[in-house]
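**Q** Here are the chains, one letter per residue:
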Amino acid sequence: MSAPFYKLGAFGDEASLVVAFLIGIGFGFFLERAGFGSAKKLVSQFYLTDLAVFKVMFTAIVTAMLGVTYLSWAGFLDLSLVYLVPTYWIAQVVGGLLLGVGFVVGGYCPGTSIAATATGKLDGLLFVLGFAAGTLGFALAFPLVKGLYTAGAIGTKTLPQVLGIPYGILVFGVVLMAVSGFVGASWVEKKMAAKAAPATE
Amino acid sequence: MRWISKLSFNQKLGALALALGSLAVFANVAPGHTVTVDAREILTGVERQEDHVTPGELAAWIIEGRTDYRLVDIRDEKAFAEYHVPTAENVPLATVADGALGRTERIVLYGDGGIHAAQAWMVLKGRGYTHVYTLREGLDAWKDEVLFPAVPQNPTPEQQARFERSVQVAKFFGGQPRAAAAPGSVPMALPTQVAAPAVAPPTLPAGAGGGPKKKREGC
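Order-wise, the sequence lines are chains A and B. Mapping to this note's numbering: the first sequence position 125 is 125, numbers consecutive. Mapping to this note's numbering: the second sequence position 103 is 103, numbers consecutive.
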């Protein structure tokens, strides 16, 4: 059996919706279990007091990357069939900054706001209504922002292509970044806790 | 070995990730430059003429507006700019296996003659592309058979009918019939690329139905 299953015709459109639903349930469940259904937990990363979001997300990235690497190496996954989102770097930089501002102000990102709503949090629900309104506003204003939407189009690019390095070296580099990031994050958390401790006494 | 037991669970996971990451440096993951072909399977396909489409078939697909295949011009950009078969996209020969084409897509390759496309076809087959075809005899045949069909000499009624149909097709693509004298040498000027053909699409014989619409992906 070889992956990606959908591309290789292991299941059709209808079944793919069921698969997406199950994966979505799993994603939401683990977001909530990691504590990401709480805006307090999420925004504490911006105050550097709790970097769990950074650690969880980077752990997920490294786990997925190593999984994909070794599945592909063992012949179970055809990397050339995996869909890559095209790069529109200007649009993506602007969109990333907007998402960051929304995250700091609203206390959630889209996925975590839905997980929070599912656990009955009103701020989560308000956030979901906000991003639904934002999506509608974007759709209506699309003719005005069309130019930005495709700004910086450079096609589908992967880091090994852009940097001109072998895939394996990139994998190692990302793992190294993640592990040093975890060590650094724990150090920062300890520092901030020590700083906060006298103030609470 | 005692130091391992002193590590926390998270530190052990971190060490495991580092170990797997280091090994990944030596894992050959990206598609390599070698090609493995199943000789019997490929040659049987060629023998059964399953490896190509004819210019007439391709012309019918274009007129029908079929979207379930990709027409790929493997010549260089300059040649592509001068003339290409309508709806074709340019993927120069050296780059056909670099990922611009999907392995499960239906792909029709063409060059000036038939050889370069056949060589690209072989490489793609070896890479596991499942639905690759070449345009038989390439652009040369496209010009001879579709753009500038030859007027038959002393035609039978059947030949005459076929010729009249091919004149309609030629006009659709901006070409015109030519005298039968010199097959192979095309004296006519190639049509300039037009976005929409001025002539109404000719009616085609039944049988060549359109395939399923290509699905767009999103995230």
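You may find that some hints are simply not true.
As the list claims (entries may be wrong) - Label-pair distances were calculated between CB atoms; the ranges are:
# : chain 1 : residue 1 : chain 2 : residue 2 : range
1 : B       : Ala179    : A       : Gly164    : 50 to 56 Å
2 : A       : Thr135    : B       : Ile42     : 25 to 31 Å
3 : B       : Phe26     : A       : Val188    : 18 to 24 Å
4 : B       : Ile42     : A       : Pro86     : 38 to 44 Å
5 : A       : Leu98     : B       : Gln168    : 53 to 59 Å
Simulated from the structure, these hints should not be mistaken for laboratory data. Glycine residues also receive a C-beta, built at the ideal position from the N, C-alpha and C atoms.
**Q** Does the beta carbon distance between Phe26(B) and Val188(A) stay inside 18 to 24 Å, or does it fall outside?
**A** violated (34 Å)
**Q** Note whether the CB distance of Thr135(A) and Ile42(B) lies within 25 to 31 Å or breaks it.
**A** violated (49 Å)
**Q** Evaluate the given range 38 to 44 Å for the C-beta pair formed by Ile42(B) and Pro86(A).
**A** violated (33 Å)
**Q** Given a hint of 53 to 59 Å, does the C-beta separation of Leu98(A) and Gln168(B) actually sit inside it?
**A** Between Leu98(A) and Gln168(B), where Cβ atoms are some 54 Å apart, the hint holds.
**Q** Within 50 to 56 Å: is that where the Cβ-Cβ distance between Ala179(B) and Gly164(A) falls?
**A** holds (55 Å)
The structure fails to meet hints 2, 3 and 4 from the earlier list, while all remaining hints are met.
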